[in-house]
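J.: Each chain, written out:
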Amino acid sequence: AQKVTQAQTEISVVEKEDVTLDCVYETRDTTYYLFWYKQPPSGELVFLIRRNSFDEQNEISGRYSWNFQKSTSSFNFTITASQVVDSAVYFCALQETSGSRLTFGEGTQLTVNP
Amino acid sequence: DAGITQSPRHKVTETGTPVTLRCHQTENHRYMYWYRQDPGHGLRLIHYSYGVKDTDKGEVSDGYSVSRSKTEDFLLTLESATSSQTSVYFCAISEEVFNTEAFFGQGTRLTVV
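Chains A and B, in that order, give the protein sequences.
Sequential numbering from 312 applies to the first sequence in the numbering used here.
Sequential numbering from -17 applies to the second sequence in the numbering used here.
Treat the hints as calculated values from the structure; they're not laboratory data.
Since we're looking at a predicted model, the values are computed, not measured.
There may be inaccurate statements among the hints.
Keeping only pairs whose Cα atoms sit at most 20 Å apart, straight-line, the calculated EDC-like set for lysine to aspartate or glutamate is [as the list claims (entries may be wrong)]:
#1 K(-7)(B) - E61(B)
#2 K52(B) - E77(B)
#3 K381(A) - D397(A)
#4 K52(B) - E78(B)
#5 K314(A) - E9(B)
#6 K314(A) - E77(B)
#7 K35(B) - E(-4)(B)
#8 K349(A) - E83(B)
#9 K314(A) - E328(A)
#10 K39(B) - D55(B)
#11 K349(A) - D38(B)
#12 K(-7)(B) - D36(B)
#13 K381(A) - D329(A)
#14 K52(B) - E9(B)
#15 K(-7)(B) - E355(A)
#16 K314(A) - D55(B)
#17 K349(A) - E370(A)
#18 K52(B) - D38(B)
Far from chain B, by Cβ distances over 10 Å, these chain A residues were calculated [unchecked claim]:
#19 V315
#20 K327
#21 T341
#22 G354
#23 E355
#24 L356
#25 N363
#26 N387
#27 I390
#28 Q406
#29 T408
#30 L413
#31 T422
Just so it is clear, CB atoms sit at the ideal spot from N, CA and C, and this is done for glycine as well.
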């Protein structure tokens, strides 16, 4: 069965610090998809990135970067030079091709203090 | 922003009453989903739809039913609301089932008293 673990329930940093959010997943499928979503205090879910299991290239988008390592079943998310606006709950999610649903982790509450 | 509208945005209802939440999309996406969000559980799939009149159960479907009579509308009904169904409900849409992101509505906060 698919499972996503975000072991960090809450993280608090000071502005301009770098922060990494961990995501570890379990799946028996060889083809699967990984996602990160952001949920700011306003409550909506904002899509950040999608990665398929055959693409282990790391990705950078501005201050955001993602490190996908199949060997450790991890898909970690790093925010460089964090800002107060980065404060949100971040969800990692997994989708297997043997099913169709997204399985979400429990989320990591990130607080960036000025 | 993807055109997804959930209604109502907030609702308080009494135990035992039926409740219907509506999700309306303007993107003409084939796939629609209902999730609930609870502390400590992330988001869990209730039901989903892969076309008009085509629906299937998710991992927490007990006590819920859905209907999709038009591409743009996906209704979630709590047949007899219970306090355990107090939650935030999210509708999502996607163009394809795999390798594509789902776009989420703004959520409906439901309180069952």
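J.: Identify every previously stated hint that the structure contradicts and give their numbers, smallest first.
T.: 3, 5, 6, 7, 9, 11, 12, 13, 16, 19, 22, 23, 24, 25, 28, 29, 30
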